[in-house]
Amino acid sequence: MYFLLINLSLVNMVTISATTPKMLQVLFTSRKTISFYGCFTELFLVLWSVVTELLILTFMAFDRYAAICHPLQYTTIMRKEVCVGIIAGMWMTGLVNAIVNTGLTLQLSFCSYNIISHFFCDLPPLLKLSCSDTSLNEAMAVIADVVFVMCTCGLTLTSYFFILRSIFRIRSTEGKKKAFSTCSSHLIVVSFYFSAIIYTYIRPTSAYSVDNDKVVGLLYVVITPVVNPIIYSLRNKDVKDALRAVIGGKRLLGRPQVKL
Numbered sequence: 004m005y006f007l008l009i010n011l012s013l014v015n016m017v018t019i020s021a022t023t024p025k026m027l028q029v030l031f032t033s034r035k036t037i038s039f040y041g042c043f044t045e046l047f048l049v050l051w052s053v054v055t056e057l058l059i060l061t062f063m064a065f066d067r068y069a070a071i072c073h074p075l076q077y078t079t080i081m082r083k084e085v086c087v088g089i090i091a092g093m094w095m096t097g098l099v100n101a102i103v104n105t106g107l108t109l110q111l112s113f114c115s116y117n118i119i120s121h122f123f124c125d126l127p128p129l130l131k132l133s134c135s136d137t138s139l140n141e142a143m144a145v146i147a148d149v150v151f152v153m154c155t156c157g158l159t160l161t162s163y164f165f166i167l168r169s170i171f172r173i174r175s176t177e178g179k180k181k182a183f184s185t186c187s188s189h190l191i192v193v194s195f196y197f198s199a200i201i202y203t204y205i206r207p208t209s210a211y212s213v214d215n216d217k218v219v220g221l222l223y224v225v226i227t228p229v230v231n232p233i234i235y236s237l238r239n240k241d242v243k244d245a246l247r248a249v250i251g252g253k254r255l256l257g258r259p260q261v262k263l
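This note's numbering numbers the first residue of the sequence shown as 4 and each following residue consecutively.
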């Protein structure tokens, strides 16, 4: 599980590094431009990180399924060499997807109107900005949406169907509570991330909405990567104890002192 969390943190770092610096520059300075190749570098990194994160979150759902539904076989199912091989394949799959879609977008023509109504260079606004035929790009985007978004969402839901079925079969209340706490943090992250990705990519370019997409884009490229470490850290007993100690210490310091 910790190996998967490390990779999730790495892919979140890629996402934040690709989008946040330029967004902060736009917010706090008067410079609101980005170079042509800078824009496509940003697009490449975002596409790479989004697909890789979808795959990692799906694999994490399977990890929870193996831990809850097959606890005795967990160490056999989730062997180190198996996890390393699967995670490496996920990074490579995300890389190939980013290369294909970025390469196809580079082949498009962009006319005089070059204002992107977004805070980062994403695929839908760039396709909308192009003045050439984008049918091939949209077809490849649809294929990527079906393979990477719908399939991962379906596999994640399948894993949680079996997880919930196993949890409801547990007789003790304490056992159910422990099982729910095991997967609750992942379920929260998956719900936010998949909802934002499905809204952004599972629709035609003609349905693109500037204001709504800015808010949703902020959710999956900035807020979710920042909140992920907090959500998963709160599952750790040592982190919880340290947080209670800090809060308790502040309360003691805030009390009025009595002179003797």
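These are calculated hints, taken from the structure and not from any lab test. A hint or two may mislead.
To be verified - Mimicking DMTMM-like on lysine to aspartate or glutamate, the simulated pairs with C-alpha atoms at most 25 Å apart in a straight line are:
1) Lys180 to Glu45
2) Lys181 to Glu45
3) Lys179 to Asp66
4) Lys131 to Glu141
5) Lys131 to Asp148
6) Lys83 to Asp66
7) Lys217 to Glu45
8) Lys35 to Asp148
From a predicted model like this one, the values you see are computed outputs, not experimental measurements.
Of the hints stated earlier, which fail here? Numbers 1, 2 and 8, in rising order.
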